[in-house]
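One line per chain: the protein sequences are A and B, in this order.
Going by our numbering, the letters in the first sequence line up with residues 313 to 564, in that order.
Going by our numbering, the letters in the second sequence line up with residues 134 to 596, in that order.
None of these hints come from the bench; they were simulated from the model.
Fair warning: there could be bad hints in the mix.
[Said to hold, decoys possible] Here are some of the chain A residues that sit facing chain B, going by a computed Cβ distance under 8 Å:
| id | residue |
| --- | --- |
| 1 | Y358 |
| 2 | W362 |
| 3 | G377 |
| 4 | V465 |
| 5 | N466 |
| 6 | T519 |
[What the hints assert, rightly or not] Among chain A residues calculated to face chain B with C-beta under 8 Å, some are:
| id | residue |
| --- | --- |
| 7 | S359 |
| 8 | R360 |
| 9 | P361 |
| 10 | N405 |
| 11 | N407 |
| 12 | F408 |
| 13 | A463 |
| 14 | T464 |
| 15 | D467 |
| 16 | A515 |
| 17 | G518 |
| 18 | N520 |
| 19 | L524 |
Since we're looking at a predicted model, the values are computed, not measured.
Glycine included, C-beta positions come from ideal geometry on N, C-alpha and C.
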Amino acid sequence: MKNILIITILFVFSFSLRAQNYLNLYGGYGITAPKEINKSIETFNYSRPWLIEKQPLFQKTLTLGLGYTGILAKGLFISPDFQYNISKSFSENANFNTNIEMHWWRGNINLDIYPLEFGLDSVGFRFRPFVRVGGGASAILPRINFNDSLATVNDEDYSPHFWTYQFSGGIGCRIYLNRIIDIMPFIQYNFQPSVKVEDFNLALHGTNIPELSNVSKVSNLQFLLSVSFKLGRARELVPEQTETKTRKKKKK
Amino acid sequence: MNRRILLKQLMMGLPAAAFLPSFLSSCAKEELIDSFKFNGSVIVIGAGASGIYSANLLRNYGAQVIHLEARAVIGGRMKANTSIPGIKIELGAEEIHGKRSILYDLAQFNVPDSLIPLPGDDYYHLENQLRTKNFLIESSDLEGAGATMFQIIDSFASYPGGAQSVAQYLAEKELDARFLEIANALIGNEYGADNNKIGMLALKEAEDGYSSGEEGQILKDKSLLELFEIAFSEDINQVKLNKPVESINYEGAQVAVTTENGETFFADKVLVTVPISILKNNSITFVPSLAADKLDAIDAIKMDNGLKIVLQFNAPFWEGNTGSIIGGTKVPEYWITGAGKNENANLITAFVMGEKAEYLAGLSDAQKITEILEELSILYPTGNVSGKYNSINIVQNWLQEAYIEGAYSYPSPGSEGKRAILAAPVKGKVYFAGEATNFNGHLATVHGAMESGYRAVKEILEA
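Go ahead and model the full structure; you've got the sequences and the hints to work with.
Right, dumping it as structure tokens:
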């Protein structure tokens, strides 16, 4: 994680001096399917049939993110970003509320490829579709609360964090709004091949259940909308059409 | 396209973007446990914690349940005495071990106001004096022997050695002889026997798996059996009492379960939740006979006698904050029965397992009381113990309970790995649950019995 942070800072530093750099603020939500964790929740429901409101499975994730986009070459950008995700499963029963939260902190380095722009002056496009590939590391913080008290494992509060890695891919479109702001709807798919959430089952169930695993493959499909602020020489980078119109006026 | 058109299109696209994840989520499979296809019939034998809970689970998942209990009452080793006003005295299972267990959740859900932490401090019987844990650890007179004992006890889960008893291991560790009775109370007696009957490898297995926590809980104004009656009343109403099972024939398409009075019940499967003692003494005949490894497991897992003797006094002679008195030579552990429940009840429970239980069980009730009063008088020389005894007592001898015949299973030498073998289903027709089949470290507990219940029911439903 430390290395990723250093690399990110270096990228930001080196590219901030160049044209077509953006600061991206984004948010959105998505679908998360941590299979083994959901299986554990199902087993929790199965073993506690007296719970009237069942514990919902993890399905949705809310995301907030901060990123940076800098040009590497025409049509090729690098986008390191950092995002916070929260997935929540809450059930409310008389005398027995259960709140399971998964907090995911993701650091990614993405390559944004603008396939229509290779060899062209990219500033001339209002709509700039792109394909994203990337990868990075995540910190996962599972938290289980029963009646607002943290779950325990062997009498110790269960508040761990775990590290894992992910691969990401996506598609999106950068849309020119004005000289300062672009907006960028994009869909991103994150895949974490091995998310090990140790003792999650112990904390949730109070016992080891042999058929339940603490290791999940996690897929996450995100629907995000980014607002991008141009940095540095951004004000000079007006779209081509605008520049042409200006020149024509000058001829008159 | 100008900006206005762009914004219009974006606005039109936003609802789609908003609803797409929900739509996709709804398409996702709702149930990962989708293999619960069984909707046949199951005979559950035994109406203790495991049997009652298993029957409830089976009905919840669509199975038809015939529930048989050998005795005239339900509850198994959950039993309460209500003869003394203002307090429900647990004569069997008493404590909810830890705060992360299915039993704790059940209590939290059903009787949250009744659930309280185990009250009081522990005192240790050392050279006829009562000492605190801090004294045992820190006293310079003991030269670290007390601290060593607690360190040994705390490290059982990582025991690196081979097969030997706890008593042998303590000798190998040269535990100070003054601490042997305390160690016996904390290990052997706690697990339902004596240190010379507990196997280190089996103990390691149990300690390693134990995860529900050490913070004991009790129900201040309910008994554990009442908790089950509240939570599973409909299931309890359907238990067929006085149906001691004589044989289980699983040769045919259906399992035939025949009782001692000649009734035969048929079902697709049978779930056996009787105590290990009943399997050990061959009270139930299996046709065909169980496999050799299963019989070997039944033989290896031991269960001894256990006594609870409750005495009432006119006034307390103990310190007000007393919880337990640990390490007696006659009674390994006493506790103040009314602590947290009814402080004015002035009751003491003597909790005796293994050889000491056998010795006391051989005496008349009057002799038992005399022995206990003598020991308490040594511990409280100025307490006028005998003078304060008001002649009210309750003696619970679990060996004498029909169809139970003992306290609970313990980690006997050679039983390591055998609980999983005992728990394994036979030919998809005969299933086993109960505390002795818990191989997750929660043997000998109510929550362990319940856990074995949902493990077995899941096996049935997935079959």
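Of the numbered hints stated earlier in the document, which are not met by this structure? Going through the list in order, the structure violates hints 3, 19 and respects the others.
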